[in-house]
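A.B. asks: Taking the hints into account, I'd like the entire structure generated from these sequences.
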Amino acid sequence: MAKEKLVVIKEADLTNNCPECFNQELKLTFYQRHTYGRLYDRTTKDITHEIKCKKCGSTIYPVTWTEDIERVYDYYQKMIAPDRASIRFTALFYILTLLLIIVVAAGAYIVLEGII
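One point on numbering: in the working numbering, the residue at position 81 of the sequence shown is 698, and numbering is uninterrupted.
FYI, nobody ran anything at the bench for these hints, they're computed from the structure.
Any given hint could turn out to be false.
To be verified - Subject to a maximum C-alpha distance of 27 Å in a straight line, what follows is the list of computed DSS-like cross-link-like pairs (lysine-lysine):
| # | residue 1 | residue 2 |
| --- | --- | --- |
| 1 | 662 | 620 |
| 2 | 622 | 669 |
| 3 | 669 | 620 |
| 4 | 622 | 644 |
| 5 | 669 | 627 |
| 6 | 627 | 695 |
| 7 | 672 | 644 |
| 8 | 644 | 669 |
| 9 | 695 | 669 |
| 10 | 671 | 695 |
| 11 | 662 | 627 |
| 12 | 662 | 622 |
| 13 | 627 | 644 |
| 14 | 671 | 622 |
| 15 | 695 | 662 |
| 16 | 695 | 644 |
| 17 | 644 | 671 |
| 18 | 672 | 620 |
| 19 | 644 | 662 |
| 20 | 695 | 622 |
| 21 | 627 | 671 |
These figures come from a predicted structure and were not determined experimentally.
C.D. replies: The structure is reproduced here in structure tokens:
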């Protein structure tokens, strides 16, 4: 079963007011989802975000955003540069593929030569 991991793409400190405690220490973080399996490592195009207050520790959800927070979020969203969606195969995949090719070639050789 594949494991999923959120990799941090960009972090930014915001000076907007927290809707909960009205402190001006917010942190905006963008994540990209990566999936790791036995045969492949996959980078997806799924981007998520999170805004947290450094003082009270609360997560600021889009429902409670002010216009200023929304404007700053849109600005930073345009600035992120996520990795391309791609699949990288592991060494185990290549070893199994090579073994399969060897078994098929040996079987074809045995059938064509009439050894059995």
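A.B. asks: Would you list, in rising numerical order, the hints stated earlier that this structure does not obey?
C.D. replies: 18
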